[in-house]
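K.L.:
Got two chains here, separate frames each, mind docking them using the hints?
Each chain is listed here by its residues.
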Amino acid sequence: MNIIHPRLVLVAALMALPALAQVAARDILASPNENWLTYAGDYQGKRHSPLKQITPHNAGSLVPTWTNHISGASHLEASPLVYDGVMYITNTNEVIALDTRSGRIIWRYKDTRSKKQNVNRGAAILGDRVYFVTSDVHLVALDRRTGAVAWVKQYGRVEDGLYASAAPLAVKDKIIVGVSGGDSGMRGYVTAFSADKGEELWRLYTVPAKGEPGAESWGGYIEWGGGATWLSGTYDPELNLLYWTTGNPWPDFYGGDRKGDNLYTCSLLAIDLDTGKMKWYFQFTPHDTHDWDAQSWPVLLDTEINGRMRKVVMHPNRNGFLYTLDRTTGEFLRATKMVDKLDWASGFDAKGRPILVPGKEPSPAGTYVCPGVRGAANWMAPTYTPGTGLLYVMNLEQCDVFTSSAQEPEPKKNFAGGGAGPKHNEPGQFFLRAYDPKTGKRAWEYPLTGKAASWSGAVSTAGGVVFFGDDDGQLVALDAKTGQHLWHYLMGENLTAAPIVYSVDGKQYVAICSATAVFNFGLFEAQKPMALPAMRTQP
Amino acid sequence: MAGILAAQHEVRDEKKSKNPAIGNPEAIAAGQKLFFASCAGCHGPTGGGGRGPNLRERGAWHPMDDDAMFTIVQKGVPGTDMPALNRPDNEVWQIVAFVRSLTAPAMEANAPGDIEAGRRLYWGSAGCSQCHMIAGKGGFPGPDLTNIGALRSLNEIRTSILDPSERGVTENQPVRITFRNGATLEGICVDRTNYAMQVIDRAGTPHRIGMNQVEAIVFSKKSSMPDDYKTRLSREQLQNLLAYLSRQSTRPPAE
Numbered sequence: 000m001n002i003i004h005p006r007l008v009l010v011a012a013l014m015a016l017p018a019l020a021q022v023a024a025r026d027i028l029a030s031p032n033e034n035w036l037t038y039a040g041d042y043q044g045k046r047h048s049p050l051k052q053i054t055p056h057n058a059g060s061l062v063p064t065w066t067n068h069i070s071g072a073s074h075l076e077a078s079p080l081v082y083d084g085v086m087y088i089t090n091t092n093e094v095i096a097l098d099t100r101s102g103r104i105i106w107r108y109k110d111t112r113s114k115k116q117n118v119n120r121g122a123a124i125l126g127d128r129v130y131f132v133t134s135d136v137h138l139v140a141l142d143r144r145t146g147a148v149a150w151v152k153q154y155g156r157v158e159d160g161l162y163a164s165a166a167p168l169a170v171k172d173k174i175i176v177g178v179s180g181g182d183s184g185m186r187g188y189v190t191a192f193s194a195d196k197g198e199e200l201w202r203l204y205t206v207p208a209k210g211e212p213g214a215e216s217w218g219g220y221i222e223w224g225g226g227a228t229w230l231s232g233t234y235d236p237e238l239n240l241l242y243w244t245t246g247n248p249w250p251d252f253y254g255g256d257r258k259g260d261n262l263y264t265c266s267l268l269a270i271d272l273d274t275g276k277m278k279w280y281f282q283f284t285p286h287d288t289h290d291w292d293a294q295s296w297p298v299l300l301d302t303e304i305n306g307r308m309r310k311v312v313m314h315p316n317r318n319g320f321l322y323t324l325d326r327t328t329g330e331f332l333r334a335t336k337m338v339d340k341l342d343w344a345s346g347f348d349a350k351g352r353p354i355l356v357p358g359k360e361p362s363p364a365g366t367y368v369c370p371g372v373r374g375a376a377n378w379m380a381p382t383y384t385p386g387t388g389l390l391y392v393m394n395l396e397q398c399d400v401f402t403s404s405a406q407e408p409e410p411k412k413n414f415a416g417g418g419a420g421p422k423h424n425e426p427g428q429f430f431l432r433a434y435d436p437k438t439g440k441r442a443w444e445y446p447l448t449g450k451a452a453s454w455s456g457a458v459s460t461a462g463g464v465v466f467f468g469d470d471d472g473q474l475v476a477l478d479a480k481t482g483q484h485l486w487h488y489l490m491g492e493n494l495t496a497a498p499i500v501y502s503v504d505g506k507q508y509v510a511i512c513s514a515t516a517v518f519n520f521g522l523f524e525a526q527k528p529m530a531l532p533a534m535r536t537q538p
Numbered sequence: 000m001a002g003i004l005a006a007q008h009e010v011r012d013e014k015k016s017k018n019p020a021i022g023n024p025e026a027i028a029a030g031q032k033l034f035f036a037s038c039a040g041c042h043g044p045t046g047g048g049g050r051g052p053n054l055r056e057r058g059a060w061h062p063m064d065d066d067a068m069f070t071i072v073q074k075g076v077p078g079t080d081m082p083a084l085n086r087p088d089n090e091v092w093q094i095v096a097f098v099r100s101l102t103a104p105a106m107e108a109n110a111p112g113d114i115e116a117g118r119r120l121y122w123g124s125a126g127c128s129q130c131h132m133i134a135g136k137g138g139f140p141g142p143d144l145t146n147i148g149a150l151r152s153l154n155e156i157r158t159s160i161l162d163p164s165e166r167g168v169t170e171n172q173p174v175r176i177t178f179r180n181g182a183t184l185e186g187i188c189v190d191r192t193n194y195a196m197q198v199i200d201r202a203g204t205p206h207r208i209g210m211n212q213v214e215a216i217v218f219s220k221k222s223s224m225p226d227d228y229k230t231r232l233s234r235e236q237l238q239n240l241l242a243y244l245s246r247q248s249t250r251p252p253a254e
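Chains as they are written, first to last, in numbering that gives the first Met the number 0: chain W, 0 to 538; chain X, 0 to 254.
If we strip away everything but chain X, and leave its shape as in the complex, we get (with noise of 0.2 angstroms):
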């Protein structure tokens, strides 16, 4: 389903573990020092993946509820490169919850920064609400980010900051409309066919466009979402705006 708020389908189900240290910061501290001695040679140091699979991308490797990966951990898979570690239980699970801190909700990241600075920084000079909406507030034709915490992880977040266009562009594709009669639309493609097509325009007006009324189409690759932000964000100015939008859930994150 090509919609405009797509990111608002995905369901994550994987069972959670009931062990105090998944989603604990401290514990998750620590098992990024751990991660960093034990893990990070085969899955690089942030688990973008090396020798071994990437971590950070759900889809790279089978997701796995937590005890089962507190089981891989410890006991390493036999017949691959993938070792036993042989730590004391309380290490593992500390690894086993940062390795869940980089797919987990943002929101239940406990980012850290200058909340306040970010949300300034969001809806001031990096312009983010100029095409984006929080909480009914803001642009268009950028996907709502009123519940981003909830339904991204941290560092799916960052790369769409840092790099909108990095996975290519196949859903909510920028286009460009010549009608038969000669006039033009750009904006959102939502979702099209053959026959009928649905654009949203910048102004956040859906437009549902007969086929029968359209000369030409030109999509783009490229997302509409700046992508110089990795030049014109310093690293604390990122850190704060992700601490910002981590937080943006439409519930409360105990829920």
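For reference, chain W alone in the conformation it holds in the complex (with noise of 0.2 angstroms):
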């Protein structure tokens, strides 16, 4: 049967439609544009968007273009990626590929053989092909056009406490993988593999095992030491390293039984693409007993700090402090403070160690510890605009009780060796903050209203707004330079993913999915009326 048309190509001319278009390594490179090709838009961690069309002026009419309820969807974290027209996200086990026009779905992909059922933060996209993780750690490469299998690589075991959420990130032509699971026990790691034909080319593990260097800053239970890979890393192409997050150390309240630093916890790992080998390594809460994973996005820019520029990473951490590093050598620069809620240092060492406040530790009476377990910032996506030349962070102000036990630790059993939550009466408060980066100081604050339960982010464009999710389920939009609120949209649900931009058909756009459903947002622009095709069935 033959149903190639020989005016096939002049429709596709026609309908500015590309042929087997791919996309390579370099695209990546370039992106955000039109396209949104990986989780945080960009490698440098800046998700800021070049696109001009929405401004200040004009955001005041953005409306939803159009709303689409993922059937099946209760959490929704994918942060959405855009090639060509065709937007994806990802739900537990799930890749969903939806026409950004009609926001209809072209395809839809599920695992329903997967042994574990967990949130899922998105894709990645490289050639013909789009990456996930099953929640039962499996890399799964598919057609960006159909959804087709190419292949399934396992490369770890639910058995051994992992398990799989973050996205993918797609780089030259490698695919690299983390693991979640930490707060049970198990032993973290960053896997490459190959990005045609799926082979494991590397792996490092977060946590040294027994003998190795590293090991004498444990006690027991390295084995099950955390150290998980939850979220997905930065790029510098320049210097071919990337950067990746571990989280705490296992049992996450309780350091009794694993009595030093507990390397590589809680840090800021810079890793060879080629090699997978460690080239430097940043440690923010040696010793962890209070839950501070390091994961929040390593923003990679270039900035004056003490009136010479420098290549620097910046990291909003959990343990309430924003971190400047040298990004060649992992150099110690600068820690400021993020919240004004913060009691558990006083200061740093020339190395960046943090001054411990006596008397902060977890204990079986509780201990109130500023900030609380969720930290000051966490995993939602901070943004950078370089035409503010500012940097903008989700930041939590809040305090908790610290609980802990010394009871024998049992991994894979939900154990954490105590807990956390706030007192009755001290809800914690959201506030989207800007930072100078040349000082890592705060330039303007915009506080919530909700409960303190989203996870949302932000992402910001040379237009010069920036959009954000709110804690009352509401995508706002805010004068990148003053922080003034231009719009908001409630889309009545709780919010735990990030949006994006781009732009199709001439026109930009902005993504966001919630709790149950994806909405894209666009200018105003009346509906002219369309007559419906003649439509005919042949037996």
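Hints in this document: simulated from the structure, not taken from any laboratory. Any given hint might turn out to be false.
Straight-line alpha carbon distances no greater than 25 angstroms define the calculated DSS-like cross-link-like pairs of lysine-lysine that follow [stated by the list, open to error]:
1) X:Lys136 - W:Lys152
2) W:Lys171 - X:Lys136
3) W:Lys310 - W:Lys276
4) W:Lys114 - X:Lys17
Just so you know, these numbers come straight off a predicted model, no measurement behind them.
P.N.:
Here it is in structure tokens:
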């Protein structure tokens, strides 16, 4: 049966539809533009779109252009990808391709045999493939056009306390993935696969094996030490280094069985892309007992520090400080307080090791510590706007009471060695805060009014607008320079994902996942009446 | 949801028995003999139905778990024509294993045949790979078959090959579109409203079409799958092809 018509080529040209275009590695280097090709939009973690149609002057006329409730979804955390007018989002063990013009579904792939059901934070795209991880730690490569399966590779076992949730990172010819599960005992790692065949190329463990360098920073339980890699990382093409963060040591709240710094947990690792070797590490919170995973985006930017241009990595850390490190060497340059409520450290030594305030360890009776267990920052995406020179971070002002227990740790049983939570009358409050990377100081802040239960992040545009999800279920637009409110829209659900910006048919849009739906926003444009086409079915 | 991979959405969640007969090729073969003797009179020799319900079409009977099926075969359904079998338990389990194999994922059926010959046929003279993909290789616009052994029963795969339009094509309909500018496009319609349509052409390219560009649409009820495999394939070739296809799975059968 011949279903190719000679005039198809003409159609393709007229409709500006590409024939078998592929996402090249250099396209991701050029992202974001009309496309949004990697979790943070770019490798630097800036989440900054060069699109300029939406500005502080017209943002007030943004309207939803479509909404698609994703059947079966209850907790979407994906940052969408957009390539060539097709949007890719993920749900638990599932990828969905949507037509950005209509919001309708083109294809949907679900792995019904996964042994776990956890949240998923997004996909990666390279060549003709879309990559994502199943909850039970399989990397899946799908044909981006149809969702057909190219290969499925298992890279970890549920039986070892692992699961997977982070978006893979596609760099050059590799797909980089991490693992989750650090709150119940596991051993974290970052793994690289070849993008074409799915061959495992290297694996870097975030906790040393017994006898390896760094193992002396542990007592018992090193084999279940944690250091999960549950958020994807950023990448510097010139240095050829990946920047990946690691989670808490286990058990989370009791450190008596793991005396020492517990390398390389709560750290930022600089990893050679080709070899998987650690070039340097920086541990933000040595011997963490507050579950302050280092999972937040390492944002790579070049800025003046003390009168000198530096290649830095900025890291808004869960422990309450905004860190600035030299990203070539890992040298500690500065740490400044992000939150007003911070009482566990009084400062830093020259190498960036925090000077501890005594009496802030979790205790059987409970110890009041600021920030709380969710941290001053977390995996909610920050954004950096070169135009304003500001870094925008979602901050949580909250203190918790931390308890601990010297009970014998039991891996894989949800044992955390204690717990943490706010005092009854002390709920947290979120702020979107703008920081000047030159000084690390706050430029302005925008307070939120909800119950501090969201996990949404931010995106910024060259048009001068910052978009973020608030904890009242609203997408909000602010003037990037001043923090002035421009627009908001209530989606009516808890938000646990970050917005993105893209364009199709020459028009700029903002998209975000709510708990159960994908929302797409554009500048208001009156619809024209549409004549229905003649339609018939032949037998 | 009318996606090209609609086949992948079905979840089979009936509780499986731990009885060793289930999925055991020898038990299934023994169960088939017992089925011929005691059940085929009403349910048809291959479970296709007659006086009793069709056991191969899952929609035609209430899906039940293995233990419930055991009880019904052994004790019958009082007040209906379904009699009690009253045979030794192991024989009843063999019958249950056979009936289950009619609808179980093909990968569990241990389908007989020459897998290697089936593979050659698939990628060669039968032409399957021109329109279907397995593990990222092959063509469009047929559904991906990488996981077909886990998603479809052996019987469903057989029917799709021999009589692709049997049930009428309601998903992935072949479509021919005439645009207002005179251009045309043919492909598979994966989704349609009055205002937008998504079509995947034979090159695998998704087309996102606004209906304001469209003059006319002609759908076909006939599957774009060739309908002559009934005569093109010998009995042995079909068996080999099924042996190959039934083993296509993204995960090992043990999982």
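K.L.:
Hints first: check each against the structure and report whether it holds.
P.N.:
Here's how the hints hold up against the structure:
no.	hint	in the structure
1	X:Lys136 - W:Lys152	17 angstroms, holds
2	W:Lys171 - X:Lys136	22 angstroms, holds
3	W:Lys310 - W:Lys276	21 angstroms, holds
4	W:Lys114 - X:Lys17	19 angstroms, holds
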